[in-house]
Structures are given as C-alpha cells and as structure tokens.
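Participant: Assemble the complex: chain A is given as a structure, and chain B must be docked to it using the hints.
Protein chains: 2
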Amino acid sequence: MAKIKRTIETDRPFADALRVREGFVLSDLDPRSTPAFTGKKDDGKAALLEHDDELSGLQEKLYAASVGGNSRRRVLLVVQGMDTSGKGGLMRHVVGLVDPQGVQITAFKKPTEEELSHPFLWRIRKRLPEPGKIGVFDRSHYEDVLVVRVHDLVPPQQWARRYATINDFEQGLVDDETSVVKVMLHISSAEQKDRLGRRLDRPDKHWKFNPGDIDEREHWPAYQEAYQAALDRCNSESAPWFVVPADRKWYARLAVQQLLLEHLRALDLQWPVADFDVQEQKKRLART
Amino acid sequence: MAKIKRTIETDRPFADALRVREGFVLSDLDPRSTPAFTGKKDDGKAALLEHDDELSGLQEKLYAASVGGNSRRRVLLVVQGMDTSGKGGLMRHVVGLVDPQGVQITAFKKPTEEELSHPFLWRIRKRLPEPGKIGVFDRSHYEDVLVVRVHDLVPPQQWARRYATINDFEQGLVDDETSVVKVMLHISSAEQKDRLGRRLDRPDKHWKFNPGDIDEREHWPAYQEAYQAALDRCNSESAPWFVVPADRKWYARLAVQQLLLEHLRALDLQWPVADFDVQEQKKRLART
Chain A
1 MAKIKRTIET DRPFADALRV REGFVLSDLD PRSTPAFTGK KDDGKAALLE
51 HDDELSGLQE KLYAASVGGN SRRRVLLVVQ GMDTSGKGGL MRHVVGLVDP
101 QGVQITAFKK PTEEELSHPF LWRIRKRLPE PGKIGVFDRS HYEDVLVVRV
151 HDLVPPQQWA RRYATINDFE QGLVDDETSV VKVMLHISSA EQKDRLGRRL
201 DRPDKHWKFN PGDIDEREHW PAYQEAYQAA LDRCNSESAP WFVVPADRKW
251 YARLAVQQLL LEHLRALDLQ WPVADFDVQE QKKRLART
Chain B
1 MAKIKRTIET DRPFADALRV REGFVLSDLD PRSTPAFTGK KDDGKAALLE
51 HDDELSGLQE KLYAASVGGN SRRRVLLVVQ GMDTSGKGGL MRHVVGLVDP
101 QGVQITAFKK PTEEELSHPF LWRIRKRLPE PGKIGVFDRS HYEDVLVVRV
151 HDLVPPQQWA RRYATINDFE QGLVDDETSV VKVMLHISSA EQKDRLGRRL
201 DRPDKHWKFN PGDIDEREHW PAYQEAYQAA LDRCNSESAP WFVVPADRKW
251 YARLAVQQLL LEHLRALDLQ WPVADFDVQE QKKRLART
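As they're listed, the protein sequences go chains A and B. FYI, the numbering for the first sequence is 1 to 288, going by the UniProt record's numbering. FYI, the numbering for the second sequence is 1 to 288, going by the UniProt record's numbering.
Isolated chain A, as found in the complex (with noise of 0.2 Å):
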C-alpha cells in the first residue's frame, strides 16, 4: 500500500480531485495529467494490484449485506469516454477483478428499433444494478445527451429536456439507496489518432476497427461541446462527475478503481450477524 498512501492528503482523495466543480472547463485538464497521484507508471500499476483484494472483499461485504442483511445498497459505474479512451480495459483490468458473480456489465450500443420506441431510459432501467451489486454501465443514458445532440438524432427541444430528466432519474437511484459513480475518461484528439492507427496495425485487432470511427474524429469539437454540456447540467451533489485524465490508461484505471474503492468504503459495510443459533447449527450438523 505505500505507494498510494504517499500520496493521500484526504480520505477520499481521487474523488477531491477529479470531481467536477462549478467553472470546471473540460479543455483545461491536461489528458495526461496524474491527479492525487505522484507515481509513475509501474508504481500505479503496482498500487492498482495492491487494492485488487480490498475492492475483492469490499465487493463481498456488498453482496452479504443484500444476502444476509436485507440491504438495498448497490453501486452504479457509469463510463462515458470517446471511441478507444480504454472502457473496455477498464472493464478487464478493474471490473474484471472483482468477483464476476458481484458484478452486472451492460455495454449500451447503438438503440434498437424496439428500445427507439420506448423512452430513453427505459434500456436503462432494466440494466440496473439488483441490491447488493456493482452496476457498471460502458456508454449510458448520456449517450441520449451526446452522440444523440452531435447528430440531432433527435430535434433539440427533445435532447435539451433530457439533462433534467437525467437528474431526476439518478436521484432516483441515490434516493434507491444506489451509489452513482460517473466517470468520464478524457483523452486528446492526438491520443485517439495513436490508438485507432494501432489498431489499424494489427490484423487481430481489426474487428475493433469501423471507418465510421474516423468519420466521428471530425465531430471532435462537438463531443466536447457535448460532454462539457453533460457535466454542467447533470452534476448534482449526489450523483457528481468526475473525469479521469485518460492519455495514460495506467492511470485512468488506478483512478476509477480507487473511485469506487472511496465510494465503498465511505459506506461502512459490516458483514451481516447470523439470524441463527451458530452453536445449536454446529450440533445439528455434527449429528448428520
């Protein structure tokens, strides 16, 4: 544990750091930066290893506390982030660490024509977390307020309702006993260039590749126009956002592990208390 814990000021330093606050300007925060962080490369990785057991048993006592406990508490992850910010090795490299029976990945792509005919949230709803998992969303309901107002998929008047109706919703959630953690991972136009031409490189690797991914690089500045409006109107004090410098995927998954690492501990779990006589159930077993 030593090398994050040079580098904690607070108890829940990476969410001091990279939770948006009032004036924050997307543009300004260096992609490559490493907030609450003073290690290099191999000293994050070595800390993200380091805290594989503690998110494992935190996760446990999650779970338990829905199990034996009657507990309503789960955790949603909600991932935004552009074509190759590393979502999908977030969900290897931290979701992936964590008991795959405690956790719910939905990956939201492109709607179908059946939830088109629903309101947006309604994919959503069905993907949420039961009491006692982590939810983890790749792309969410703010797609709806992103890829949606960048392509007036639908007319403005409808997008621009959506912020509210997103604050409403998620403070359904937190009201639902749901912790709502939002991260967007923020990488530089010259960092997506680099990491769709490796793709282009490598024949295994070609599946992940679509000529639509170039097309979206020209919409650059409107996604960020996008997101900066997404992390203006819906941050409220219970479901804030916080965005996580990407350039350096080392970092960005050491940080949003230690997001939710902060987030589960903050809510102070116990491991349930028997509602059974431990000994007299040893003498029963004993007796079989």
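Please note: incorrect hints may appear among the correct ones.
[Said to hold, decoys possible] In silico lysine-lysine, DSS-like type, Cα no more than 25 Å apart, as pairs:
1) A:Lys-126 x B:Lys-109
2) A:Lys-282 x B:Lys-208
3) B:Lys-133 x A:Lys-133
4) A:Lys-249 x A:Lys-45
5) A:Lys-282 x B:Lys-205
6) B:Lys-193 x B:Lys-205
7) A:Lys-249 x B:Lys-282
8) B:Lys-126 x A:Lys-109
9) B:Lys-282 x A:Lys-193
10) B:Lys-282 x A:Lys-205
11) B:Lys-283 x A:Lys-193
12) B:Lys-126 x A:Lys-133
13) B:Lys-110 x A:Lys-133
14) A:Lys-205 x A:Lys-193
15) A:Lys-126 x B:Lys-133
16) B:Lys-249 x B:Lys-45
17) A:Lys-283 x B:Lys-205
18) A:Lys-208 x B:Lys-133
19) B:Lys-126 x B:Lys-109
20) B:Lys-205 x B:Lys-249
21) B:Lys-110 x B:Lys-193
22) A:Lys-109 x A:Lys-208
Since the hints were derived computationally from the structure, they do not count as laboratory data.
Facilitator: Okay, now just chain B, sitting in the frame of chain A:
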C-alpha cells in the same frame, strides 16, 4: 505449459475422461480423484494460471467473430452441484479470469412467483448467451428435475416429462451454434459436512449459511438418485454431461477450465478479416 502437457494423451483429455458414458454410475466415481491429471495441488494451481491467457485469447476471438464476422457461435457452460460443491469458487477463479465483457453469469435461485407462472424454461431462455459470449449458468433448468423431483414440488408425471423437454431444448441450442458444456461438480457428503462446518466457524461466512442447508443433507441419497437420472436421461451426443470430481477444489477448477479450453479450441476460431481497405483507412486517419 509443461505440467499439463505431461498429462495429455489425446486432444481432449479432460472431455474424454470426464464425459458420462453408457452405464456410468455416479456413486462409483471417487470425488477425490483427478482424472486426466497426474499432478498434485501446486501443479494444478500452476496449470490453471498457465492457461489463463489461452482461455482469454479464445474468448476474445469468439467475441471478435460475432462483431467482425457475423458469427452466431456462442458457448453455454451449465454448472450443477450440491450446496458447497464449489460453484461460486469456479465463477471466481475460472470464469473470473476471462474478460468480464465476454461472459454472462446467471445464478438461478428459487423461482419467483412470476417465473413459476411460466413454463420452467421461460426464465432459462431469457438468459441464454448472445453470439460471441460465454454464458454461464450457476444452477439451471436441471433444478427442475433435481430439487423439484426430490421435494415433489410438481407432480411426478410433470417432472418426468421434463427430461425429454430438456433434450429438445438443448438440441435447439446446439443447432443454433451454441456449444453446450454441462458440468456436475461431484462432492462427497463428508466433504460437504466439512465445508458447512467451516462456514459456521467463520463469522464472515455466516451469511452464506442457512439452517435449511442441514435439512437438505437428509435428502442426500434422493439428490444423488435425481442426479443419476439427469445424467442418464439428458446425455445426448451433442450436449453430453461431464462429471467433475470436486472434493479437491483445485482439481475441479482446473478441469472446468480445461473443458472450456478443449471446447473452444475445437471451434477453430479465426480473427475476422477486415471488411475495409486497411491502407486506405490509414491514409484517411493520417489526414485527421
């Protein structure tokens, strides 16, 4: 790879050794045996880790084929076993090593009122894996001929019809490009007693214990009989059963990993070929 290669006699040694064949008698199989593996515990643990990358790689290829090659191929791992047989540990230590985005685990609990109002396969069908995914069932439709049969939860003539229904259902999955891998974790009654006792000894494991678990031990012979019937009657050529001796957790985990590997290797998966001109896309990217 050395340790496991020593033990390999055919291309599919675990599938060959563990497959249920005509005349198989469950009670004749020693739950402490380690078919197809001559190593000890440390060798088994090392072999599990050594094959982690291959399993991850094959899973990625399976997923890539669905995204980039329109393949409908998917895998369904069905895991059955008595309480404490190690289903949860398998999810964590074998399935958990694969990219969580490629896996969909469902733990089937006691059916809800809504589920009971539908045919027994209704809730199962809703959780079948999508193309490219590895679906994992922690308990399954087999509960409808196991706990249901042992406790007469439906009339005998009703559960008796289910074996044929299950065979038709599974044939349909196989016809729809699903590799069905059915595993029974086989523990002894004495081992279960030890494992329940250890749960009672540890306050952080009390939440996993239920006094009903001891009541169920009285039905041990009836459960073994119900398992034998399921193994006999739902053991088709295209969706055979594999019985994994599970008193040694390390062996059971290795065996299920190897069964998955052997099935995935047999699919001869290839990276999909790009459906775009790679050089042209590199030029387009360079211009952005």
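Participant: Does the structure keep Lys-126 (chain B) and Lys-109 (chain A) at a Cα separation of 25 Å or less?
Facilitator: Between Lys-126 (chain B) and Lys-109 (chain A) the Cα gap is close to 19 Å, so the pair holds against 25 Å.
Participant: Does Lys-205 (chain A) lie within 25 Å of Lys-282 (chain B) when you go C-alpha to C-alpha?
Facilitator: holds (14 Å)
Participant: Holds or violated: Lys-282 (chain A) and Lys-205 (chain B), Cα atoms, limit 25 Å.
Facilitator: Roughly 14 Å between the alpha carbons, so the hint for Lys-282 (chain A) and Lys-205 (chain B) holds.
Participant: Between the alpha carbons of Lys-126 (chain B) and Lys-133 (chain A), is the straight-line distance 25 Å or under?
Facilitator: holds (20 Å)
Participant: Please work out if Lys-283 (chain B) and Lys-193 (chain A) have their alpha carbons no farther apart than 25 Å.
Facilitator: holds (12 Å)
Participant: Against the 25 Å threshold, does the CA-CA distance of Lys-126 (chain A) and Lys-133 (chain B) hold or violate the hint?
Facilitator: holds (20 Å)
Participant: Taking 25 Å as the top limit, are the C-alpha atoms of Lys-282 (chain B) and Lys-193 (chain A) close enough?
Facilitator: Judged against 25 Å, a Cα distance of about 10 Å means the pair holds.
Participant: Between the alpha carbons of Lys-205 (chain B) and Lys-249 (chain B), is the straight-line distance 25 Å or under?
Facilitator: With Cα atoms ~18 Å apart, Lys-205 (chain B) and Lys-249 (chain B) stay inside 25 Å; holds.
Participant: Does Lys-193 (chain B) lie within 25 Å of Lys-110 (chain B) when you go C-alpha to C-alpha?
Facilitator: At roughly 23 Å apart (the allowed maximum being 25 Å), Lys-193 (chain B) and Lys-110 (chain B) satisfy the hint.
Participant: Check whether the Cα positions of Lys-126 (chain B) and Lys-109 (chain B) lie no farther apart than 25 Å.
Facilitator: Holds, at roughly 14 Å.
Participant: Under the criterion that the straight-line Cα-Cα distance not exceed 25 Å, is the pair Lys-110 (chain B), Lys-133 (chain A) satisfied?
Facilitator: holds (18 Å)
Participant: Quick one, are Lys-193 (chain B) and Lys-205 (chain B) close enough, alpha carbons at most 25 Å?
Facilitator: Holds: Lys-193 (chain B) and Lys-205 (chain B) sit about 15 Å apart, inside 25 Å.
Checked against the numbered hints given earlier, this structure breaks none of them.
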